[in-house]
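The listed protein sequences derive, respectively, from chains U and Z. Numbers in this note's numbering are just positions in the first sequence, counted from 1, shifted up by 20. Numbers in this note's numbering are just positions in the second sequence, counted from 1, shifted up by 20.
Watch out, some of these pointers could steer you wrong.
One copy or any two copies: either way a pair holds, since identical chains are not told apart in the list.
[Unchecked claim] Dumping the calculated SDA-like pairs for lysine to any residue here, alpha-carbon to alpha-carbon at most 25 Å:
#: 1; residue 1: Lys343; residue 2: Val274
#: 2; residue 1: Lys445; residue 2: Asn662
#: 3; residue 1: Lys544; residue 2: Thr298
#: 4; residue 1: Lys267; residue 2: Asn155
#: 5; residue 1: Lys561; residue 2: Glu370
#: 6; residue 1: Lys313; residue 2: Asn323
By construction, these hints were calculated from the structure, which means they are not laboratory data. As the structure is a computational prediction, the values presented were derived from the model and not from experiment.
Number of protein chains: 2
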Amino acid sequence: MRASTAQAGRQALNSYKTLLRQSLPQHRFYSSAPLRPSKSTLAPLSRSAFRHQAPSPCSAARGNLSLRQIRFASTDKPGKSGSRVLRGLYRSLAWLGIFVVVSGGLVVAFFIYDATTYHEEPESVDIPISELALNPRRGGPKNLPIAEHMVDDDESDEKKGQKHKPKLVVLGTGWGSIALLKNLNPDEYHVTIVSPSNYFLFTPMLPSATVGTLELRSLVEPVRRIIKNVGGHFLRAEAVDIEFSEKLIEVASVDTEGNRQHFYLPYDKLVVGVGSITNPHGVKGLEHCHFLKDITDARLIRNRINKNLEKACLPTTPDEERKRLLSFVISGGGPTGVEFAAELYDMLNEDLCRFYPRILRNEISVHVIQSRTHILNTYDEALSKYAEARFAHDQVNVMTNSRVQEVKEDRIIFSQKTDKGIETKEIPMGFCLWSTGVSQTPFSQTLAAKLSNQNNRHALETDTHLRLAGTPLGDVYAIGDCSTVQNNVSDHIMTFLRTLAWEKGKEPQEMQMSFSDWRLVARKVKHRFPQAADHLKRLDKLFQEYDKDQSGTLDYGELSELLKQIDSKLTSLPATAQRAHQQGLYLARKLNKLAQAREGLMRNEIDAGDLDDAVYKPFEYRHMGSLAYIGNAAIFDFNGLNFGGGLLAVYLWRSVYFAQSVSLRTRILLAMDWSKRALFGRDLVSY
Amino acid sequence: MRASTAQAGRQALNSYKTLLRQSLPQHRFYSSAPLRPSKSTLAPLSRSAFRHQAPSPCSAARGNLSLRQIRFASTDKPGKSGSRVLRGLYRSLAWLGIFVVVSGGLVVAFFIYDATTYHEEPESVDIPISELALNPRRGGPKNLPIAEHMVDDDESDEKKGQKHKPKLVVLGTGWGSIALLKNLNPDEYHVTIVSPSNYFLFTPMLPSATVGTLELRSLVEPVRRIIKNVGGHFLRAEAVDIEFSEKLIEVASVDTEGNRQHFYLPYDKLVVGVGSITNPHGVKGLEHCHFLKDITDARLIRNRINKNLEKACLPTTPDEERKRLLSFVISGGGPTGVEFAAELYDMLNEDLCRFYPRILRNEISVHVIQSRTHILNTYDEALSKYAEARFAHDQVNVMTNSRVQEVKEDRIIFSQKTDKGIETKEIPMGFCLWSTGVSQTPFSQTLAAKLSNQNNRHALETDTHLRLAGTPLGDVYAIGDCSTVQNNVSDHIMTFLRTLAWEKGKEPQEMQMSFSDWRLVARKVKHRFPQAADHLKRLDKLFQEYDKDQSGTLDYGELSELLKQIDSKLTSLPATAQRAHQQGLYLARKLNKLAQAREGLMRNEIDAGDLDDAVYKPFEYRHMGSLAYIGNAAIFDFNGLNFGGGLLAVYLWRSVYFAQSVSLRTRILLAMDWSKRALFGRDLVSY
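The following block holds chain U by itself, in its conformation from the complex:
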């Protein structure tokens, strides 16, 4: 197929060249004649080319000279004005022609490829299928069906090979799960993914989808595409509980009539990556708000904005009501809230004026309510201020130090801390986005209540190997927003110090620690709690600072003070896509190593002990930086390299996400969407 296309292209090219040669004055083309001369064209060409040279035939004795003369004779020929322009024109045409031919060839090639993608014959062959997959046995504490076999376990040799591998079950299809699936070695595990949504969502660009800068489908990748790599199985269902002792997950599926069916799914290794839900902060009236966690949310927001705009155009809408409809309130000044405000502003500023009555633009207001002193408070303060200045320029009203008290159908009531004390205010609103942090899903709460070592109200606690605390070692992992890595550093170190004191035969309280002791301790801390490393860089400085009595040693009191200080600085890891991605990647690598080590361990009959620690290092989070879009401008916070800027920064912002995008497919779709916006603007259709 390819050969024939190339040949066709070449033929087209040749015939085009011949055409050009025949149609244009011949003497201009002698020096771009083809390398391999064809008799029909060469003879007249060279004859006409050398006609100019006739007056001095002998000067051609030195070849290079003759060629030069030929050239100049043609170039500077007197009496032919404008030949330069003409030649330029011809050459441009030739280039254009070449471009058109090459492009045309590519298009033809694409059509030929396209034609091969249609299947004529219906494929229908007998598929072997085990009886247990069709009629699973019942069992477990609730006597539910146990899905030990899948319907496609026997359909191919590849699948048959996996059938008896350890069962790895992944709950959720977010950043963590997808990073895990994409980096897992195929054929080491029998992989099953359980999730109520059958796609991975590229969350960082979700705000762009709310106003049509990007299309919804450009941000999602079907899970079944992703699991093809590891030959995994996907079950569209929801995990509701886990029986840790019997290694069974209770899963509920909802059928098309809305009935729930429960069954058990057995696992050997389980990864919990179920994410989080929006934090309501105990505020009343959130049913009047929109959220932005999922693709459906984006669609609903898009429709709602559109409905408000259309309603505001009706001649019977009173002016007061119009202002209310066009008052957009964003509660929460984190990245999601800020980026949504920015995208909304862009849409209103760039697209609204072109198609809607202009009065709308005048009556629109965008408000951001932020509880902290700055928006984007996890970023460098200079960047927060840059973003605030940008918003001020864009007439986006930022209210800091403010807390929402209640959301009513048509207005939002909030308290603002000012110099005069706390004031209660209200804004009429036609649309409210609630984006104020995350909290646990009901499933996570169920797990936390069931396990002994879970003390964090906000997330499932894991150790530094990402193993869910309180579960049998090496069975269950938790990654992403639903989890947090335990970081009670000082407790651990105190235990360690007590052991050290015991070895030296002293009471811990009486122990004096020299600088070399301290260095040793710090090294162990760094190994065990990688995220503490940043705070243990200048050991000498820390030692001096906390050695208050200048004794050259730290006593127990001084050391406790130092460790508490470090502990307080170690906030829990941020609930970001970045962290989830790194955890998924880490877990994939560890699971690969565990699979490779499996045979050796079995041979040596090792089946206890801290295998995770034996095969791989603890998880270490590396903050790669943050970035945010703030309306025709973007800000970057790359570990100290902070900058913000206009359009070039926006292109950079896009490039970063373009590169991180999950597949070639989504990348092409993103590029298409951006082009579409440039060519046609955002589309203003709601359905």
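Go by the hints and put chain Z onto chain U.
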């Protein structure tokens, strides 16, 4: 901007050439050296080129010979094997390089263009707005607000100029309305469009959107984009009634909280293009069916298919239930039903097998229930049979002569007429599409009940000038699916004949009509009822056929028989996009002519009489042919030129719709979608 881009491109090209020259063996490049030599490159190039010629310097006395020798010296140089291949490689590289540079230039140019599409400064200027637009006066039979002025009537000089033009109101945004809006002269009318949906939907390709071959947004064009051309106003609202005597439309808008607000919209000319709804045919249980009229329907179908597939993959789904879930039933064998079945089959055949357990493919069944003897019964019979053969090959089960009796949650009950009589059958089903023709919207029913001359249960009757029967002449038009052109040809002709007999002083019953009389009558019929023309082509044959007593004349009885026959053949015009489009186009032209004639008529104080007939001919439907997609094949019925075929026909089918598509925007989106399908398949995500 353009100049600088071109310059940058040229520079890049030049530097690329220089690079190539420097990096490749120099003697190969003497003949493609630039026309305008730069000293730095020319000298060494020509020297090396002519080095080969050194043994016979005098043969250069005749220029053409020397050049030939130079070429051959290089080409056939002995001792250098494989040089041809190498040269080919170099040339390919050069072409590739040129292509890359030109493409790169285009990309850069696009980015520069893109950068100009972002607006930095918020635009906010004072907009004049009339008091009446903000506080409309109340009036009319129900004392509702009357929207005489729009909020954007005064915002620009262009809009101000239209403010006092005759008010043209268009109800609906379907094929008819859009054709009208796209062809109306700007500045002749004050145009207002009223519709509950703010987009035009390209209905013929809607089946493709149900399985993800096309994206939903590629089929819609925002109305506000379309009306920009005529400076129109769009109100997202629903017409509920018309007060013909006061020229007021009662319009209801639904606010974001779901409350309905009614108001009056005044008109001078009104076009009713509100379309139709699906015909329930009195069948029970349609709440278990999906429909395919709107973009939301397509989204819901897509989600439902996906849910069924996912449910069928669950290990706890019994095999019987799996078969039910995968049984897709289409009720109605018209174009919509057939194309949906075809698209569904394509998706199942091409995409399902790649990502879902293969057992699904085996257990899937697609059924088409058709009440007539063939599917696609409006097409040529050969094409219907071709489509049926195609479906048989694709294992799509077509059941003709069958009528659905009832739709239950999990099965469909229908009666089939066979040789043995009528049998009642049932099929278990997991999905049912109901696409069995159209019926009137509630709004059309309201109008029909209100008007005296409306006798058609299925549509609003208009005369051949598309004026709604029973309304004041020239006020109200109806186009598209909601309307039908009255075609009681024989009644009209009988009246005409009576007049003719009267003139001749005879009783109509006694009149004998010669062939020349008949030809005269036929010509008048053709003029008045263009759609009858097809049936009046072979006048001599008709005359002979109905002149039963071979008298050479038709008596009254014979003539009545002939006319009745023609009348019965004249079914009402098909409810297709094609008819609506032609009607919209026709009306736009007439309204343009009426506007142009307005001044003259006013000067001559003519304000009564059949103005429509005076300025423009009656509406004439020209059937351009039908086409349908039938699953990797397509059929065409172009007025006698009937053919069907495989992939090439599919490309032709696409080309036709591509050409008919409403805007450049949708065309580019269609092309993108088709490419996407070829590259990545249909996406299988539901939300």
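Each hint tested on the structure:
no. : hint            : verdict
1   : Lys343 x Val274 : between (42 Å within a copy, 17 Å between copies)
2   : Lys445 x Asn662 : neither (35 Å within a copy, 72 Å between copies)
3   : Lys544 x Thr298 : neither (37 Å within a copy, 74 Å between copies)
4   : Lys267 x Asn155 : within (20 Å within a copy, 69 Å between copies)
5   : Lys561 x Glu370 : neither (52 Å within a copy, 66 Å between copies)
6   : Lys313 x Asn323 : both (16 Å within a copy, 19 Å between copies)
Hint check: violations occur at hints 2, 3 and 5; the rest are consistent with the structure.
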